[in-house]
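Protein chains in written order, with the numbering used here: chain A, 1387 to 1763; chain B, 1387 to 1763; chain C, 1387 to 1763.
Heads up, a few of these hints could be off.
The list treats identical chains as interchangeable, and a pair is accepted whether it falls inside one copy or across any two copies.
[As the list claims (entries may be wrong)] With a straight-line Cα cutoff of 27 Å, these simulated DSS-like cross-link-like pairs (lysine-lysine) come out:
no.	residue 1	residue 2
1	Lys1586	Lys1688
2	Lys1688	Lys1747
3	Lys1726	Lys1747
4	Lys1586	Lys1655
5	Lys1655	Lys1615
Calculated directly from the structure, the hints in this document are not laboratory data. For clarity, every value in this text was computed on a predicted model and none was experimentally measured.
Below, each chain spelled out in residue letters.
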Amino acid sequence: QGEVDERSMIFRMNGLEINTKDSSFYANFRFRMQNRMGFYTNGGDDLGISEWDARVRRLRLRADGYVLSPKIGYSIQLSFSRGDQDIDNTGIANIVRDAVVFYHFTNNFYIAFGQNKLPGNRQRVNSSGQLQFADRSIVNSTFTVDRDFGLKAYYNNTIGSVPFRIKGAISTGEGRSVNTTDNGLAYTGRFEILPFGEFKNEGDYSEGDLEREETPKLALAGGYSYNAKTNRTGGQLGKEMYASRDMGTAIFDMIFKLRGWAYETEYMKRTADNPLTFNEDGDVRYIYAGWGNNHQISYLFKNNLETAFRYSVIQPEGKTAWYEKRKEVLEAGVTKYLRKHRIKGQFNLSYNTEDGRWDLKDSDNYWGALFQIELGI
Amino acid sequence: QGEVDERSMIFRMNGLEINTKDSSFYANFRFRMQNRMGFYTNGGDDLGISEWDARVRRLRLRADGYVLSPKIGYSIQLSFSRGDQDIDNTGIANIVRDAVVFYHFTNNFYIAFGQNKLPGNRQRVNSSGQLQFADRSIVNSTFTVDRDFGLKAYYNNTIGSVPFRIKGAISTGEGRSVNTTDNGLAYTGRFEILPFGEFKNEGDYSEGDLEREETPKLALAGGYSYNAKTNRTGGQLGKEMYASRDMGTAIFDMIFKLRGWAYETEYMKRTADNPLTFNEDGDVRYIYAGWGNNHQISYLFKNNLETAFRYSVIQPEGKTAWYEKRKEVLEAGVTKYLRKHRIKGQFNLSYNTEDGRWDLKDSDNYWGALFQIELGI
Amino acid sequence: QGEVDERSMIFRMNGLEINTKDSSFYANFRFRMQNRMGFYTNGGDDLGISEWDARVRRLRLRADGYVLSPKIGYSIQLSFSRGDQDIDNTGIANIVRDAVVFYHFTNNFYIAFGQNKLPGNRQRVNSSGQLQFADRSIVNSTFTVDRDFGLKAYYNNTIGSVPFRIKGAISTGEGRSVNTTDNGLAYTGRFEILPFGEFKNEGDYSEGDLEREETPKLALAGGYSYNAKTNRTGGQLGKEMYASRDMGTAIFDMIFKLRGWAYETEYMKRTADNPLTFNEDGDVRYIYAGWGNNHQISYLFKNNLETAFRYSVIQPEGKTAWYEKRKEVLEAGVTKYLRKHRIKGQFNLSYNTEDGRWDLKDSDNYWGALFQIELGI
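Sequences are here, hints too, so could you generate the full structure?
Structure below.
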């Protein structure tokens, strides 16, 4: 079932598969489309519509497989919709999301060379086709380390019956759009432990308990990413700053599943010695220094209808607080899974607040409603 | 044969087909390439070349199919050539043309959610792979409502033996390129009636009588599209205006076929209360308010060589006439169909006039000649 | 084995092949990914890193085949990575690399209509998947005539047992990015002779002697391309100039192979009456008038490890020398071929000099190191 963005899906067969006769080549083709229609209101008590969010949110093609032998894997993912190309920040239509070669030294150790996701926060590493809300949380969008080009290493083993994983990466630190990059790279490490054993079907990287775990399953993880001399406000993402900066991102996350229930949380904190950069006209572009926390809990009914609730908060710190306010979002979601995460319909309702003021009359608050259909193979 | 842009082609099998073993998935892959070389002259009596039009006009990939059951269809179309991405108006390479999910409630009623063509004028809804001239007419390029994201509904039935169709859409009104959109949507309706019965192979949405209808076939249609608060000069198309405007587009079209003969006409009229918008520098961007009319007639010889003639006129009205002149085009076309519309060679010759003056000596008039090869599966 | 960019690969079967039941259609799908990580030093004796070159250099999809009969071939190639789209020069994401229809009149004569490579210098016409260094030489990047849209003709025959080929093209002269073009076209001709007979597997257009020729094989070629009224600094490539210019490019190249040894050289010379163009602010954009020469020699060991050496020089002439200096590059490469050119790892080390000064202490000199993996089918 699972679609894991950190390795090629060569051992779990789905999509359209193609083999050569001599078994020296394997490819698995997939696509995914997410169409949505939703709106935001003018305010908490003014339900007039300020803006529609109606579009093809994602349209992706993906190929996974191996060449010569299953030891040499590859994963390619292309994105064709505007909102999926980082074009509004960079001016470049970044069609290539993943383009990575894997080499499996042993069953426990493999490396990746190319562009794919960094071993960052859990919700980001979850494929966008494995989410229980239409969008990831504001914690992710503010602090995630996303995709980057470089060399990554993945090691997994067990202590007694307890699986653990160690992941590391050295990458350019500038994200998907660059041709060449300065001499500051990014260094990322992450440790995961699953005290009650492996989730069914790699469910620790899939939201909602679609596998209905019969015994409790838990994954705990922590990591850190240091990005030296990045030029972008979000490190691998965001607009170009007026000067380069060093930034650090600490991540703690966990996911728990049992009999249709799932609880997931992540805490992220970003630091930078001097987060602000200015140009000659006095315009500012800055790193969002601060922290965020996301909680989401869900229950899957027998008919594959799921209800989910989410609370997210981001809190600027230091000089970032001159420009940003604390933001909180309360969100409820209903999802009908027709073929697990591949084909589903989702309805989300959110209430968005600023500065810790929850009053409906507060002028900065507003509601959001969103309906999304995902169709993929 | 037909390639219909208003629904997934799940019942007419062509291209490369792929089924899963359990019949829960079907996909039909296609591509289409249109390469052209042509030129425009300096004037009606000065046959020096002012400009070449030599390029890959279209290169598209398309996938149609269903998932879970034939009730849930999908259609995806990607365009890769510059002239096919609306990039020169929007600055965005809009690769996604169609990305839409269909749900078939009954054989007579289905809905579409996503991005595809609106139920607008016939020549636009005809796939660009079903045209008898290399380009659609200036009436279409000036007034068409094109593609949009939203919810569409299609109903068809018969009164006695007379088929009719009702089509409606609620869409963003901003076309393919947008991320989010203001609170003005677009509303489109269309009614079609086929008094002599259905065309062979859905030939009412394919130009030229390639099916050689043995009895007369006629389709009559009328529709209206209202676009509230659009930001673009053509509603779903065109450059961004300096202010938003409401616009209305009325459409009447018909097509008649018999024994290799085909006659097609469409009349479109666009209205806007105040079509002009200005910026602070006094630059103007405007809605083309006015009307247009296109006629084209063709005969297909036994050897699948077709001759076609076209007369098109567009007439600005009101304040639009301050900036635009009446334009008329007379065009002759010869097409050799090697595999119906999939593989064909086309030669078009046009004479283009302004202000109703047809004299070869008139300085604004010019000739155009164009050779185009279409190759698709 | 070979991947030839001047014709559709319908007679050498690789990749994923699809046939229709009635043999009226054939398609061969391929992709290719090149991931690299390398850097440039600050200077010849300062080995600090000035810049990283770490990215998905190429990610391409390709389809070749025929329709109706093998006489009507096609070739389509799409490029998805930023550095492969000419976007930094043109602002347009040129995804379409090749989109061309072939018609084979006889076994000795065929024409092409559409966009593909011009019959220019050998290293350019070599597919980027058939190179023995990670990049082509500076001679190629400075003087190549690259891809263009137009009509091309290819004739081959033998004089006694000596094969020869004549290639010609009329094309727009503006390269891949244009919609319409002015009335100056480009005219290209090339003559090739293979005095010792054909190379194995078309190895005259593949670098390195991967076929281990048992008898000496040699290809000699000369050609000329005249580009009237081009708007771009490199004719079909480069930034837009401030005025159009005529340019001429002369090409001589040869390749020799024997028992794992390969030697390749090319000489190119570009001329323009007035290479400089200025805008109102006095900024200059110019044609690089001058000449260049590239030599590369390689030996393939029994274990499919290849060592290669390259010396390249470009020399500006006339007014171009006001802005450009002589550049020389000395480069060593080691390549491990896992599946000929399809799957290989490459390591290149280069020393780059200016003005003929080779001293490590010279401030303009620097080292480059690059590791690249190519994975394709």
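Checked hints:
no., hint, verdict
1, Lys1586 x Lys1688, "within (18 Å within a copy, 47 Å between copies)"
2, Lys1688 x Lys1747, "neither (39 Å within a copy, 74 Å between copies)"
3, Lys1726 x Lys1747, "neither (40 Å within a copy, 63 Å between copies)"
4, Lys1586 x Lys1655, "neither (30 Å within a copy, 60 Å between copies)"
5, Lys1655 x Lys1615, "within (18 Å within a copy, 42 Å between copies)"
Going through the hint list in order, the structure does not satisfy hints 2, 3, 4.
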